[in-house]
Amino acid sequence: MPHDSRLDTFPKLLLDRTQQHPHKIAMREKDLGIWQACTWRQMYEEVRALACGLAAMGLARGDKVAIIGDNRPQLYWAMVAAQCLGAVPVPLYQDAVAEEMQFVLEHAETRFAVVEEQEQVDKLLAVQARCPKLEAIIYDDPRGLRHYRSPCLQALAAVQEQGRRFDAEHPHYFDEHIAQGHGADLAVILYTSGTTGRPKGVMLSFDNIIVTSRNAVSREGLRDDEEILAYLPMAWVGDHIFSYGQFYCAGFTVNCPESSATILQDLHEIGPTYFFAPPRIWENILTTVMIRMEDAAWLKRKMFHFCMGVAQRVGARKLAGQSVGLRDTLLYALGHGLVYGPLKDNLGLGRIRLAYTAGEAIGPEIFTFYRSLGINVKQLYGMTEASVFVCVQPDGEVRPDTVGTPMPEVEVNISPEGEVLFRSPGVFLGYYKNPQATVETLEDGWVHSGDAGYIDAHGHLKIIDRARDVSRVADANRSLFAPRYLENKLKFSPFIKEAVVHGQERPFVGAFINIDLEAVGNWAERRGLAYTSYTDLAARPEVYDLVQGEIARVNASLADDPQMAGAQIRRFLILHKELDPDDGELTRTRKVRRRFVAEKYTDLVEALYGPDDRVPVEAQVVFEDGRHGTLKADLLIRDVSHETPVAVAKG
Amino acid sequence: MLQAQHISLAFGAVQALSDVSVDIYAGEILAIIGPNGAGKTSLLNVINGMYHPQRGRIVFQGVERGKHLRPYQVARQGIARTFQNVALFKGMSTLDNLMTGRVLHMHTGLFSQALYWGRARRDEERQRAYVETIVDFLEIEAIRKTPVGRLPYGLQKRVELGRALAAEPVLLLLDEPMAGMNVEEKADMCRFIFDIRDEFGITCVLIEHDMGVVMDISDRLVVLDYGRKIADGPPDVVRTDQAVINAYLGVAQADA
Chain E
85 MPHDSRLDTF PKLLLDRTQQ HPHKIAMREK DLGIWQACTW RQMYEEVRAL ACGLAAMGLA
145 RGDKVAIIGD NRPQLYWAMV AAQCLGAVPV PLYQDAVAEE MQFVLEHAET RFAVVEEQEQ
205 VDKLLAVQAR CPKLEAIIYD DPRGLRHYRS PCLQALAAVQ EQGRRFDAEH PHYFDEHIAQ
265 GHGADLAVIL YTSGTTGRPK GVMLSFDNII VTSRNAVSRE GLRDDEEILA YLPMAWVGDH
325 IFSYGQFYCA GFTVNCPESS ATILQDLHEI GPTYFFAPPR IWENILTTVM IRMEDAAWLK
385 RKMFHFCMGV AQRVGARKLA GQSVGLRDTL LYALGHGLVY GPLKDNLGLG RIRLAYTAGE
445 AIGPEIFTFY RSLGINVKQL YGMTEASVFV CVQPDGEVRP DTVGTPMPEV EVNISPEGEV
505 LFRSPGVFLG YYKNPQATVE TLEDGWVHSG DAGYIDAHGH LKIIDRARDV SRVADANRSL
565 FAPRYLENKL KFSPFIKEAV VHGQERPFVG AFINIDLEAV GNWAERRGLA YTSYTDLAAR
625 PEVYDLVQGE IARVNASLAD DPQMAGAQIR RFLILHKELD PDDGELTRTR KVRRRFVAEK
685 YTDLVEALYG PDDRVPVEAQ VVFEDGRHGT LKADLLIRDV SHETPVAVAK G
Chain U
23 MLQAQHISLA FGAVQALSDV SVDIYAGEIL AIIGPNGAGK TSLLNVINGM YHPQRGRIVF
83 QGVERGKHLR PYQVARQGIA RTFQNVALFK GMSTLDNLMT GRVLHMHTGL FSQALYWGRA
143 RRDEERQRAY VETIVDFLEI EAIRKTPVGR LPYGLQKRVE LGRALAAEPV LLLLDEPMAG
203 MNVEEKADMC RFIFDIRDEF GITCVLIEHD MGVVMDISDR LVVLDYGRKI ADGPPDVVRT
263 DQAVINAYLG VAQADA
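So the sequence lines, in the order shown, correspond to chains E and U.
Each residue of the first sequence is one higher than the last, beginning at 85 in this note's numbering.
Each residue of the second sequence is one higher than the last, beginning at 23 in this note's numbering.
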């Protein structure tokens, strides 16, 4: 079906959807315990009132509007309302602290901010004095704001009320402004969290997002009866494509969870058909299942493990459309009745037609677990700079270690240095007010992804690491040191939550480990091991033994690869605290900022390469209420035996 | 709103309260403080009709309370409370616990409720809708169906507060709402107490030991010591009151 090229902006798509399917449900939100539906017609009315209200307040073409809060219909409306007037929405990470927000608000020169509730209002009021361009803060939930007297505060409902009056006086204003928008216009600025330095504002046009969304919709066969759950940060490009771009292009229903604490329940109630989750969510769900199974009755446990064995053997092949023989078909059907069906239903994954994982590498066991249950989860390789979609695994060609083939209209190339380059209709306009970074990244329409990778024999792209992070170990063989590759291998262990490896120009590779408090805590409880806190548990020799075993396993798998054999982990320590975005050690999307960690814990890194087997630490921590404190501990350092590299031994 | 005048309460030879008078004004947050055994909880128990003082009278909303009013009759008049040790139905879910707070507002009999038909059903739905506003208010959506016994202590306290709110009181008595909580939970609870007053217009009386919290949130303090009222006033005034300092820090006895 050819797409109407006149529908080249989201406001125009909104008008079109409203005319074509006025009574179809566009969004749902759980409020007061009940899923409240909102049709396209209703949504149109809300957006129109809001846009006119913003116009009455003086919002003009080209102005920037900050959007801050959990996924709420009202905030999605605010984005399209701003776009109706030619203004540019700038969604911010809602859990960022005030100072981080200040940078973006200042840099983007936002005039208005539309926020969810008191928490965000407080943060904005705290930095308002340093953001002179910020004129108005519009809030959705009035709770707790009764005594606020700031003149720039406005309730969203009041703005809409004002908008209805404005609309009555200027009946053509809304439609005229929508007609003035074009596909090449700047649609949104998304600030990347950035593992190094200040965030950069990625400018995407309507064409970028709409063409990319349409291509993905047609390749993956998404329909207008899909149900999705909008639960990932609105500031993140993934949510912007799945819950916004594709929502308008495919016309499916977006469901907003009740609160961030109820996501798993909401998932169960909605039963989405199209679902995205980063690897850590897939991991969390799997960990929960495993812990619950450990506590289940003997018979159930036996049944679960037997059926999962069948699934591992049969499920993935079935999903790929291969024939599996009569006996296995029957066993799988039995397993479906007894285990897979109820389990998927319980998790809310029973209706999934298409699911993605992206952002980080996913553990092969985890990936295979879901696929063998018959859940069509696929790996996606994407970037903010590409409006997400670069590569996706095609149906029937899903392998755990690649990210698939390029999407329609996307070209992928590998530079002589091994960096992944791509060109597509989704390639961004540039970084906002940062021409230098734009020039460094964008060359003749080709984007330097910064990822090191190669295209394998099947034409699938395989990503190893960040290009600039790949270096050499200062051992006899000058072995390849790909830190993220190693860290991911470590993190595939359920007991290891985060890992930071060191080894660039060092005699061997050493690692910092963060244990997974839930999994290790459960493991400890099972062994009658008492502990008081993360720090206490992390320092236990038994836990060191556990982690040592996991590392030895990783070493064994590294030994098989001649390129990587020299990068086996020889020494490690378990950090006394969990790495935390509030301390700057992780990004808001929970990626390790390796350099920052290495600088912050210089003495620990030196100790890894020193003679002692323990090191005293004293760390500054920032509590959630903003106060500072100090933690003192004595950290153990452990040696790990390393395997003889098989390939080298042969040669 | 409520005047407790010249209250004296004794258990045998133990004089829990002697000649205590306290006025509670509509829309205020009043904190009752004092050392252990000062009679704080006894005073709350007198206000909500659990104990009947030997002397003194209680005037609530301009009407003098009868001598033999039962606690449930007092609750019906619009006084709800929470307890020092959480007193919930541990095996029941959060929602069910909150629904018990609605009992006073249900208007159907046991028989029709058991049938769950017609008026009883509509009534139940109405009550549930009100309970949901409280779930939303206290941000406990994630634990609607969790048995209360499995919840951490801080959340149990919040559920108990929810049950008291579900009764739609005009006066809410909170017995150590923040005991055993961490800093973050205390901050949350403070915010809830403010919001209860502002959003629901409910007058709050609380007993609390954390002086930081008390000074921050209360409009007025009443200080008890050995069953007597030794101070009554805004936090800044009470803070510098010599009798209060003596009670809290101890003072050299003249005859010692």
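Because the hints were derived from the structure by calculation, they are not lab data.
Mixed in with the good hints, there may be bad ones.
Calculated lysine-lysine pairs in the PhoX-like style (CA-CA distance at most 25 Å, straight line) [as the list claims (entries may be wrong)]: (1) E:K114 <-> U:K167; (2) E:K684 <-> E:K716; (3) E:K546 <-> E:K517; (4) E:K217 <-> E:K517; (5) E:K428 <-> U:K167; (6) U:K208 <-> U:K89; (7) U:K112 <-> E:K661; (8) E:K462 <-> E:K114; (9) E:K384 <-> U:K167; (10) E:K384 <-> E:K428; (11) E:K462 <-> E:K384; (12) E:K462 <-> E:K386.
Per label pair, the in silico range of CB-to-CB distance [to be verified]: (13) U:D118 <-> E:P448: 24 to 32 Å; (14) E:L229 <-> U:D118: 45 to 53 Å; (15) E:D540 <-> U:G113: 53 to 61 Å; (16) E:E702 <-> U:E190: 50 to 58 Å; (17) E:E253 <-> U:E190: 55 to 63 Å; (18) E:S343 <-> U:D118: 17 to 25 Å; (19) E:N368 <-> U:E206: 16 to 24 Å; (20) U:R150 <-> E:A345: 50 to 58 Å; (21) E:G605 <-> U:I267: 44 to 52 Å; (22) E:R401 <-> U:G171: 44 to 52 Å; (23) E:D259 <-> U:G113: 19 to 27 Å; (24) E:P478 <-> U:D118: 33 to 41 Å.
Keep in mind that this is a model prediction, so the values were computed, not measured.
Ideal Cβ placement from N, Cα and C applies to all residues, glycine included.
Now the hints, each set against the structure:
no. : hint                          : verdict
1   : E:K114 <-> U:K167             : holds, 16 Å
2   : E:K684 <-> E:K716             : holds, 15 Å
3   : E:K546 <-> E:K517             : violated, 33 Å
4   : E:K217 <-> E:K517             : holds, 16 Å
5   : E:K428 <-> U:K167             : holds, 20 Å
6   : U:K208 <-> U:K89              : violated, 37 Å
7   : U:K112 <-> E:K661             : violated, 34 Å
8   : E:K462 <-> E:K114             : violated, 29 Å
9   : E:K384 <-> U:K167             : holds, 24 Å
10  : E:K384 <-> E:K428             : holds, 16 Å
11  : E:K462 <-> E:K384             : violated, 29 Å
12  : E:K462 <-> E:K386             : violated, 29 Å
13  : U:D118 <-> E:P448: 24 to 32 Å : violated, 44 Å
14  : E:L229 <-> U:D118: 45 to 53 Å : violated, 32 Å
15  : E:D540 <-> U:G113: 53 to 61 Å : holds, 57 Å
16  : E:E702 <-> U:E190: 50 to 58 Å : holds, 53 Å
17  : E:E253 <-> U:E190: 55 to 63 Å : violated, 43 Å
18  : E:S343 <-> U:D118: 17 to 25 Å : holds, 21 Å
19  : E:N368 <-> U:E206: 16 to 24 Å : holds, 22 Å
20  : U:R150 <-> E:A345: 50 to 58 Å : violated, 21 Å
21  : E:G605 <-> U:I267: 44 to 52 Å : holds, 46 Å
22  : E:R401 <-> U:G171: 44 to 52 Å : holds, 45 Å
23  : E:D259 <-> U:G113: 19 to 27 Å : violated, 59 Å
24  : E:P478 <-> U:D118: 33 to 41 Å : violated, 50 Å
Checked against the numbered hints given earlier, the structure breaks hints 3, 6, 7, 8, 11, 12, 13, 14, 17, 20, 23, 24 and satisfies all the rest.
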